[in-house]
Structure formats: C-alpha cells, structure tokens
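Read off the chains here:
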Amino acid sequence: MSNVFIALQTNEDTRQIIEAIVQDNPHAVVNEQPAMVKIDAEGKLIVRRETIEELIGRSYDLQELQVNLITMSGNLDQTDDEMILYWNA
Amino acid sequence: MHIDLQTVSIKPLRHTFDNIARRIGADKPATRYQEGTLDMQQTANFHYRPTWDPDHDIYDASRSAIKMADWYAFKDPRQFYYGAYTLARAKQQDTAEANFDFVESRGMATNLPDSVRDTVLKVLTPLRHVAWGSNMNNASICAYGYGTGFSQPHIFHSMDQLGIAQYITRVGLLLGSVEVLDEAKRSWVEDDTWQGLRRFVEDSMVVQDPFELFVVQNVVLDGLLYPLVYETIIDDVLSSQGGTSVAMLTQFMTDWFAETKKWADATVKIAAAESAENKAILAKWIGEWRDRAAAALLPVARIALGERTDELMGEVVQQFNARMTKAGVAV
Amino acid sequence: MDMQVAKKKLGLKERYAVMTRGLDWTPSYQKMEDIYPYMAYEGIKIHDWDKWEDPFRLTMDAYWKYQSEKERKLYSVLDAYIQSNGHLNVTDARYLNAVKLFVSGISPLEYVAHRGFAHAGRQFPGPGPRVACLMQSLDEIRHAQTQIHAVSNYNKYYNGMHDFHHAHDRVWFLSVPKSFFDDAITAGPFEFMVAIGFSFEYVLTNLLFVPFVSGAAYNGDMGTMTFGFSAQSDEARHMTLGLEVIKFILQQDPANVPIVQRWIDKWTWRGYRVLTLVAMMMDYMLPKRTMSWKEAWEVYFEQNGGALFKDLARYGITIPKCTEQIALEKDHLSHQAWGTFYNYAAVTNFHTWMPDADEMEWLSAKYPESYDKYYRPRMEFWREEAAKGNRFYNKTLPMLCQTCQIPLVFTEPGDPTKICYREVDYKEDKYHFCSDHCKKIFEDEPEKYVQAWMPVHQIYQGNCFPEGTDPTVEGFDPLAAVMKYYHIEHGRDNLDFEGSEDQKNFAEWRGQATKNA
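Residue numbers (our numbering), protein chains in the order written: chain A, 1 to 89; chain B, 1 to 331; chain C, 1 to 517.
Note that these hints are calculated values from the structure, not bench results. Don't be surprised by glycine CBs; every beta carbon is placed ideally from N, CA and C. Do not take every clue at face value.
To be verified - Which bits of chain C does chain A cover? Going by a derived footprint, with three or more residues having C-beta under 8 Å, they are:
hint	stretch
1	10 to 19
2	57 to 69
3	222 to 233
4	238 to 245
5	309 to 320
Unchecked claim - Below are the SDA-like pairs computed for lysine to any residue, each with C-alpha atoms no more than 20 Å apart in a straight line:
hint	chain 1	residue 1	chain 2	residue 2
6	B	Lys11	C	Ser84
7	C	Lys310	A	Met1
8	C	Lys439	C	Gln451
What the hints assert, rightly or not - Partial list, derived from the structure: chain C residues whose beta carbon lies under 8 Å from chain B:
hint	residue
9	Gly121
10	Ser137
11	Gly462
Excised from the complex, chain A in its bound form:
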C-alpha cells in the first residue's frame, strides 16, 4: 500500500496539531526535519477538527491549517469536521 503524507512548519501553532494527528492515526510515522515536520501514513491519514479543538482549547476551522501547511501527498477530501488524505491503490 502506498504512503500518504502531510508536512507542516515547525512552530508553536503546529505542535498540538501534530499531536492530534498522531493521536488519530496510530499508524502514522513522524519525521522531524529542519523547520518542518513530515508525517507519513500508509494508505490514509485523517486530520480531525474535534481532536485539535480538545488540545488547543478553542474552536478551530480546518481551513486554518493552510497557514502552516507545507506540502502533502494523496487525494484530498475535506468536510467541516475532517481532512482526509488517501490513495485508492
């Protein structure tokens, strides 16, 4: 199965987002690089608004991810509650 990935800038805002992603995706692998964190996952990766909100203590719009997103890989499906990266093959 192919890997999807998401890469975020390393800063105060993303620390808890990364924590949330790791929580919701136990199969994900975190790769720390200069000023950047790359999260690889086999087949599928889900970013959940609710989990992030619990960790940051305020309401969160998934569109806010745009400010710190660096790059990603996979098909994207986005709703108010989840951002999902996936491959079909």
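Go by the hints and put chains B and C onto chain A.
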C-alpha cells in the same frame, strides 16, 4: 571605531535592481510595489507563438487599439502588490464578518420590513451573476492585457468580484434561503427585467480588446451599477425605509467601489492623456457602452425606485459623465 | 466561522457549491464556442463540468483572511532578517550563487504561471476549475513578488542579480527554463493544466522546492526559507488542483486518455530537464548540503510519484517511460551539469568553483557508482590547473538541444563515456537533440519547436549585441559584446568565486560583524 554587534553598518553596493533604477531615474530605494510590478512581464525573445492565438505573441500590445509608448505609464494609485492587496482586503473582510454577525445575532434580518426584504432580494440576488461575469472578464484582461502595470490590478479585481458574488450569496441566504438563490437565477435567465443586463454581460464576454473590456466592465457597467444599487437604492432609498441593516451587509461593496474607482479613473486618465487617438477611441467606447448599460439597468432600477426611476437613473448617468470628464474623456 | 447561516446550516460542500457553482448560467445571447473558443481544438472531450470535485473549498473571505496572515508573518521575518544583516549568517558566500540562479531562472516563471492560470481560468467554462485556476493565478503573482522582495536585499550587497528580468529573456542557459514555460503557456488550456498543474505542480514540485528551501534553511538563508515555507502552503492547494484536473479529464471520456498520456510523458521529461539546474545546485552549490539529487529523486519521485501513478492506473495512465532513463542518469546528471557551468563560467551571472577535498568525499559517498570513476579525476585535474594559473574558460559556443535547449553535454543512457547526439531532418534543416525523449517531443510538434529562439544561433546571427554594435571593426570581441547585451559585467558577475567581489565583501563584512576593529 564603534561596532554594534546587532546591526553592523555596511554600505550596500546598490539600492535596487537595475531595471527599477532605469525606470525611476536613478539607483535609489524602491518601493515593494515598484520592485514587484516594473518589468515583471517578459517582453523579448519568445520561443513559440500561442497555438490558441498564432496571430499574436504570448504578450502582445497589438491586442488592443489603445497605443502606449510605455505601458508602465499605468500605475495603480493604491500601489497594490499582492501583500498590500491581501492585507487591505483582510481588514475589509473582518469588518464585513463583524457586520454579518451583528445583523444576524440581533435578529435584524427577521425584523426587516417585508417590502424592504423582498426588494433587496429581487434586486440584489441576481447581481451575483453579474459579479460572476465580472470575475470572468477581469481574468481575461489580466491574461491578455499588456504590461504588469496594466494587467496586475485585474487579477485583484477579478477575485474581488468573486468575493462580492459570495457576499451577495450570503445576503441571499441570510435574508432568504437557498430557494431564493434558485429563484434569482431563474429570474436572471428568464424574466424581462433582467434580459437587457444579461445580454450586456454575455456580449461583454466576447469583447476581444483587453482595454475595451476594461472600459466595458470596470468603467462603464460597474460605474453605473454600483452607484445605482449600493449608493442610491440600498444606502439612500432602502435605508430610509428601515433597511439600514442591509447597508451593513453590503458595506464591503460600497467601500470597494469607492476604492477601485480611483484606480479605474487613473487608468482612463493615463490612456486618454497619451494621445488624441486614444482619447477618441475611449470616448467612443465609453459613450456607446454607457447608453447600452443605462438602458439595461433601467428595469432593474425600477424594482426598487418605482416612479423615481428616471429621475434617479438620470442622476447616476450624469455623475458618471462628470466623472469621465474629470478623467479627461468627455462623453 | 465565516459561513454561519441562521436557518438551515449548510455543510462545507453545500455551502461551497452555493458560493461557486450556483453563480454561472448557460448563455443564450452568445454562443458557447464564441465565449469559450479554445475548448475543442486540443481534442479533449468534456461532457459534464459539474462532475469537477473541489478539494480545498476556499471562499474569498477565507482566502483573504489566511493569506494575509501568511503575508504578515512573511514580511515581518523578512524585515527582521534585513534589519539584522541576516545575509552575513549564510554558511559562506558561495551559497548566494544558488540564489542568483533561482531569481533569474525561476522567479520570472512564477509570473508566467500567474498569466497562464488567468488564461486557463478564463477559458474553462466550468466554475469549479475556473475558481481554482484564478486563485492559483493570484497565488503565483504572490510567489513572484515575495521572491523578488526576499532577493531584493541580496541584490543590494552581492552581484549577478541586478538585472534578472533582462537576463531571463536573453542569457543562454536561462532559455532552458524560459522555453519550458513558454511551451506551456503557448499550448492549449488543457495541456497547460497537465503540464503545469499536474506535471510541474504535483509530480515535480517537491524536487524544485524542497532542495531550494531546505538548502536555504541549512545554509542560514532565513529570507528564502521563510518565503519557501510560506509559498509551499499555497502549493498544497495547487497540488490538489493538479491532481483533480488529471482525474477529471480522464474520467470525462476514454478518448482523453491517450492525449493526456502523451502530455504527461512530454512534460515529465521537459520538467526533468529543467531540474538539471536544481540537481547541480543541490550537489555543488550548497556549502552545507541537504541531500543528494539522487536521494531527492528517489524519495520525491520514485517513492512518492510511484504511489501517484499506481493510483492513476485505474484510469489507464502509465508511469512515463522516460523515468527509466532518468533513473540511469541519477548518478551522472549533476556532475555533468556542474562541469559544463564550470567550463562556461565566463558567460554566466553567477560564480563557480571546484569542490574542495571534503566536498569531494561527500560526493564519493553519495555517488559510489559514478563519482570516483568518472568525475573526480576531471575535477581534481581542473582544480590543479586552476592552482597553476591555467584556469580555462571555454569560449566556443556549444550545440544546443532544439527542445530543452541545454547544451549537448549529456551522455548515452548506460554509457557515461559517450555524449548522446540525436538529430532530425525537417524540411530544409537539421535539428539536434540531447536524447530520444527530446527528439520525440520535437517530432510530435515540429512546427512548434522550429520557432525556438536558440541562444547560440541568435549569437551567431548577430542578434545578441547591444544596439548599434558594429561587428566588422578591427579586433571585435563578440563574446564581450554578448556580455554587454546580457548586462553581465565581466570580472564582477562572472568567473570564479575565488577572487570575486562577493567573496571579498562577504569576508570583510562578516569580519566587521564578528571582530573588533
């Protein structure tokens, strides 16, 4: 000798890029607008002709009847490069957001007099389609216009119009429903009231000369539409009938028009001042398209203005003519 | 947040549909073919524009809000970097030559992308792709301008960047990136989307940005690094547009599949050839290296791209055949390219040098199959010759590939001792190519590629001298005249890093910042 370890005073070799220095007359500090605008568009040694338009180069001044010795004579008085543009719009977006929250949280939408609500929905909601046409036309001018000084503001204008279409949509949803939007579209496509305007918009979509299209869309159509709908109908007439909350919901459009008018006027002025030929071409375009636009807007105006339509429409046209005269084109 | 509605709360998908899809209508006063004149000629068939899926459902108010946040952060970092003379913190001034390459080669392309996406956005009838393309057009002028603003400070203190627009349109090696984007924007809107939206912005983007941006981070260039990360977040949206374009076109009609396959093959190869400059930058121009070109290709194309093409197999798309040759060139590309620029360093707007002993060790370790066997001997020889005062600068103009416009320096796939030459007779002329793939691209559209403004031919035809030059005078030096036409100052912008004004100034200024008088 004092050394400040935080900031060492070293002497730069030059203040700006050579092409900027050539244009501003000397090697001196340049603004971010200048560095981000001057000579951005390639002008020489193209490799291939467009397969979609083999009679022209990729960027080709001859696509327009307007002739300029230097297309960088066009300068945006707002000095909008991407950063300045986005910051300005974000502030306006904040205000718009606060206004929508204010109106919604105090139930001002439901408390609108029925007649005012109906009029607003009838007049305003179909205009989201006119804004869509403007988004498309401005994309065209950006793509086919010559020189970044002229073309750049058009991508901002294009996306502004998409934003306006979306604000209008939100007003429609707040004061009405999804069904109201569907009805407005039906009205736009079928009702007599709107066919003059729809024909105008569709005709504008086949205008090939990018400068003419700038005149048709940004000078003439918006130059009549915005004063008519946002200043006259919403801010004056409907507000006096209990509709001030609507004026809050359309504040973005009112402020936007006041700002962009400066750029549109400056552009007309520069083109007209270049030559008698340009001036004559502009006068012809503005005059002909203005008459069509005014006629197309009359039935739309009537929805809100009733028997005052001819009087107020006349004023809007007169003010437009005065504005053009000030910009150097008597129409 | 932005889209609260009092009565019926619409989900993200429905809200977005109402904010974009509902806006268009079917025209009746003008014909579709007149409003959208370029939709048929490429042979692509679209039956239902409504089948377009919008991945990032961004409305304009959210766009302005988030983009302004990015801009604020970016410019405050840039301003702080400028105020503190941050440029003195780069590892060493050789690094700045990567910046010169970037601003003269890549930044102008961002502008062409801006115009190209405005064109594509205007020409597609569907509101979904229209909005995505126009948003990208807006993003691309952001990239062009933020890059120039970041580099503006370097231009004040270092040489070679002073007239980069002028250079981009004229200098011999810059016709490589310039012709690439000219090729894309002169193609039809569908091909443009496959070339740039998909092949460049999805398949190859990480091979351009990660090396430059990581390179910047590793070498103390906070300005470029900040720009890079900030721009990359826009790239995520561009990538999803590129992927959606491909899936949408392929799903609309089976007749589209072979056309799209041909475009993917062509543009993967053309894009790869442009990336030659990146390969050489990664392996030779970064004092502190991040990874080798070979490693970058393996991670970002072979692994990542592999997953992508497995996914696309369901539509009948296969991985481009040229990837076989690219895999064979992995061990050779950067070395052959750097050798070329070292040779031609008299006619470039950036400095060159030979790697020192430590750097050669790194190259040996990263390229165990090839570096010591084929490239170290010549590089050590050049280093020795330079030390003896025999630094040789090639003044004979090279033959260029008609398609990619790189000099014919690449070797036969599988035999790095033999230069690869291909040729085609077309009408009354003979055309030359670096590879089978460039040759095929020409053969598929000869009428297009014969138009190219080939820098070497143009010089020989006398079109690259300043206006008013008389080439018949006694002692005329054509290359000196070409340098004037290029606005490259001999002895200041070109030649070796060793002994350059950049080197001298950087050392002096850094000395000022770290030592007492």
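Hint check results:
| no. | hint | verdict |
| --- | --- | --- |
| 1 | 10 to 19 | holds (count 3) |
| 2 | 57 to 69 | holds (count 5) |
| 3 | 222 to 233 | holds (count 4) |
| 4 | 238 to 245 | holds (count 3) |
| 5 | 309 to 320 | holds (count 4) |
| 6 | B:Lys11 to C:Ser84 | holds, 14 Å |
| 7 | C:Lys310 to A:Met1 | holds, 10 Å |
| 8 | C:Lys439 to C:Gln451 | holds, 15 Å |
| 9 | Gly121 | holds, 5 Å |
| 10 | Ser137 | holds, 6 Å |
| 11 | Gly462 | violated, 14 Å |
Of the hints listed earlier, the one the structure fails to meet is number 11.
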